[in-house]
Amino acid sequence: MKTLVLADHDNATLKETTARTVSAVAAIGGEVDVLVAGLGAQAVAAAAAKLAGVSKVLLAEDAALAHGLAEPLTALILSLAPGYDVLAAPASATGKNVMPRVAALLDVMQVSDVVKVVSPDTFERPIYAGNAIQTVQATDAKKVLTIRTAGFPPAAETGTASIETVAAAADPALSSFVGENLSKSERPELPSAKIIVSGGRALGSAEKFQEFILPVADKLGAAIGASRAAVDAGYAPNDQQVGQTGKVVAPDLYIAVGISGAIQHLAGMKDSKVIVAINKDEDAPIFQVADYGLVGDLFTILPELEKAL
Amino acid sequence: MKILVPVKRVVDYNVRVRVKADGTGVELANVKMSMNPFDEIAVEEALRLKEAGKATEVVAVSIGPVQAQETVRTALAMGADRGIVVEVADTVEPLTVAKILKAVVAEENPELVILGKQAIDDDCGQTGQMLAALLGWAQGTFASKVEVGDGTLSVTREVDGGLQTVSLKLPAIITTDLRLNEPRYASLPNIMKAKKKPIAIKPVAEYGIDPAPRLKVLKTTEPAGRKAGVKVASVAELVAKLRDEAGVI
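Chains as they are written, first to last, in full-length UniProt numbering: chain A, 1 to 309; chain B, 1 to 249.
Check the hints yourself; a few may be wrong.
Claimed, not checked - Here are the computed lysine-lysine pairs in the DSS-like style, where the Cα-Cα straight-line distance is at most 25 Å:
no., chain 1, residue 1, chain 2, residue 2
1, A, K194, A, K50
2, B, K227, A, K116
3, A, K2, B, K216
4, B, K202, B, K102
Stated by the list, open to error - Listed next, with one range per pair, are the computed distances between beta-carbon atoms:
no., chain 1, residue 1, chain 2, residue 2, range
5, B, L28, A, T122, 17 to 27 Å
6, B, A52, A, E180, 44 to 54 Å
7, B, E108, A, T139, 47 to 57 Å
Stated by the list, open to error - According to the in silico footprint, chain B covers these stretches of chain A (three or more CB under 8 Å from chain B):
no., stretch
8, 24 to 34
9, 169 to 175
10, 245 to 253
Hints listed in this document are in silico derivations from the structure and should not be mistaken for laboratory results. Predicted model only: the values in this text are computed from it and were never measured. We put the beta carbon where it would ideally sit given N, CA and C, even for glycine.
So here's chain B without its partners, still in its complex pose (with noise of 0.2 Å):
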């Protein structure tokens, strides 16, 4: 079984974004990039399928610009074993992902495609599952543990109640969330390695796919900030407060 395994360069988590002042965005310039952290648990998750022999090979495809490179070869020191980048230059919406991913699928013919639940910048939450529409495939969102079987695989997803365990037929998209496990790093040998290990780069005109936006951004604002309010010195002091002053209990 061949897995697909797209991930995206985003802020590093790490980093406080702040809004650019006339409102076209946030600054992005000098800022440390990094794989979404999703995505590294989709990586982790089919290397692991495949040191248990459920699967052949683990191939990483990046969609973005020039640099995301970078985040393949990242993939690549964790131990994938190939690497595609289609190079966009501007920002892409997740439907215009789902259908440049639609394309690589066709060519690359993975089995199972694994995938973040979402992108830590734009917090859409939408790829895996368009890109599921898009094939006609079953999806298994939000997976915290996976089971390869034979023709199918065993989901248990993270549910608002708590978890829900479903079958799907492959192929299949699956999304991860926190709790499949947790990525390795990549060793020094390994890193070295993945330089060796080769990326195709291909322009999204290749695929014929129109990358225009279909939401217009009017405008990028800082959220109604909170002040930080009192310290209190006791127990007392607290209930008396959000008794009285917040009326809140």
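Isolated chain A, as found in the complex (with noise of 0.2 Å):
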């Protein structure tokens, strides 16, 4: 058995959820390299190569792999794939775009967002929002998978990978970069952060919700999340929605604050270790799922929190 794992990076540095994937697809057996395409992405390249579980980095720098443009890097993983029997990479925006391109070319059926490796084969993947878990064996030769990462531990950093440049494949020149508009933040990202304080449509604004969450999520050096209902109200960032359709995180500790619980919410947080609920209505659903709650006006308990921490 042979894995390559695309490694998810903004060309600077190496996402934890590539480590996160890298650990996942241990179980799997065999070698496992990891392939960074990107442009100037040595450092990212370097920083793979000190995954424990790694026995080769592959780098391949090319202008149109800087933006993970679906179209070149599925070329780029095709020109690789038949030296591997599992293509996987981890579920986030870049995986989910490009692996099942990927897996269409090479005629698989992908499993997606896989939560455990039971043997090489079978695996087991959340469906209808994670209200059930189904087991799956895939029966195609070759194996695409996405990694749902909240629920594996990082790879740790102590691996000594060789890293090999490998060419660009071909651009098919079908689509091109036109601009980003990424938040900028000296916070810990969702998906790997500790702790998460993620707020709800309870906030009423975005200048509460910026008033009310960012000091306590300043305190607790946290990420800050948001229900679909705060996003969609314009309280948050789209890359801030937390549920079935967003980040699916799984922090030490997770605080929920004006926000009822929704299926679709607890799909992305109730596999957190610590769940806080800080809500007016006592017979929230969000409730059932906390490990802690406090039935109040966030208005005075956010302010009274920060105090207190």
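Hints are included, so try docking the two chains, each in its own frame, into the full complex.
Encoded structure:
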């Protein structure tokens, strides 16, 4: 068995989701290589080479690969695919975008959002917003997987893999990068944060969201999350959405503030180690999954909490 | 420009799904079914492009059991021009759906296919990308904004760190994210009108595609449950519990 893991990165830093994917596929057995596709991404390749369990890092650099566009990235992965039995990526925006494209061209049915590797061809994955867990056996000769990284620990940084340069495949030139608007933040990223403070519609406005959620998050060194309702209402940016169709997280501590707890939201956070719910409605479903519940007005509780921390 | 919109019949998003006691799947008998919410957003986007004069025809297609006609009828009531149902007896995987859609694209020659980014039943999130791959078309996934240019399409995508804008050559595939639009409700007159719009019914055998699944479902189980914990009376008590009992701060 030989596995290729597609690294998640921004050309400057390797995302922790990659280290978690490496540890997830370790259960498949055999060699694990990591593919870093980008531009000016040597530091990323060096970081990937340190991950325990990695045999080799493949570094492909090309202008067409600088922004993770699906079409040239697919062409690259396909050029490497013959050497591997398993192709895996974190179920991040890039992994979800590119892996099904790869799978279709290999005539393979992808296994999305793997939460457990049962055996080299059998995997567990959530369906219906995590209300059921399906165990599936992939019968295709090659496996294409995306990994739901929240449930896997990151691989240790004790490795000394070699770095090998590989050529980018010809760009099919179907799409081009125009621009991006990424949130700049010193905070930890949602998928790797130890503590997350999440706000819901009860915050009432983008200003209140900032005014009340941020100080508590700052005190805790926490990442900020939001419910779909809060994102739809414009209180928080889309990349902060936690839930079935947003990010799936499992921090040590998840503080849900003014979030009622729709099943779609619970799907994104119910594997957190400790859940705290702060809500003025004592019958809110969020309390059914919370380890600690505090009923009351968030606008009084949050400033108090910030002082007490 | 003709737009093809695939729509899937799924368990309504408000239904709390129960796993069958024997582990063979989830309980689907007498459960409310609806159009996949992301597909409603796809239909809405296609209709808006038509209303803006960018598209000429909107065709809704569903691959599913005979009842998938209801889902297509919903798309017609929203404003789609006509419908296609490719009838399949059993559950079909995204790879099979993508192959069938490729065949439908060959018949219909749309310049744009708009799909939901994922179906809320199997949560696979694959069909759009797979169809783009099989057609050799560009893909703009997780779209939150779409603008039609001259032979190109500008798509703003929801990505991990925020938003990314890409330009796609037409023909192309778009998959919708939540913020793309707010789908309309079908008005009563439009529901009546939709009853007269044509739906072509085609058996899957017509396309010569093997619908056999590649993933063997061994079992379906309830996820590990979470018990409700305790209610605390004050912020001070909460902080003490987090510090001393849970040890997470």
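Item checked: 8 Å C-beta criterion, at least three residues: is the stretch 245 to 253 of chain A covered by chain B -> holds (count 4)
Check: Are the Cα atoms of B/K227 and A/K116 separated by 25 Å or less?
Finding: 22 Å, holds
Notebook entry, point to check: Taking 25 Å as the top limit, are the C-alpha atoms of A/K2 and B/K216 close enough?
Noted result: 22 Å, holds
Notebook entry, point to check: For the pair supplied as a hint, A/K194 and A/K50, is the alpha-carbon distance within the 25 Å limit?
Noted result: 22 Å, holds
Next item on the list: Examine the stretch 24 to 34 of chain A: at least three residues should have C-beta closer than 8 Å to a C-beta of chain B.
Entry: violated (count 0)
Note to self: Against the range 47 to 57 Å, how does the distance between the Cβ atoms of B/E108 and A/T139 compare: consistent or not?
What the structure shows: Distance hint for B/E108, A/T139 is violated at roughly 31 Å.
Notebook entry, point to check: Can the stretch 169 to 175 of chain A be counted as covered by chain B under the rule of three residues or more with Cβ-Cβ separation shorter than 8 Å?
Noted result: holds (count 4)
Item checked: 17 to 27 Å as the expected CB spacing between A/T122 and B/L28, which holds or is violated -> Distance hint for B/L28, A/T122 holds at roughly 24 Å.
Check: Is 44 to 54 Å a correct range for the gap between the Cβ atoms of B/A52 and A/E180?
Finding: 26 Å Cβ-Cβ, so the 44 to 54 Å window is violated.
Check: Given the hinted pair B/K202 and B/K102, is their alpha-carbon gap at most 25 Å?
Finding: 15 Å, holds
In summary, the numbered hints that this structure violates are 6, 7, 8.
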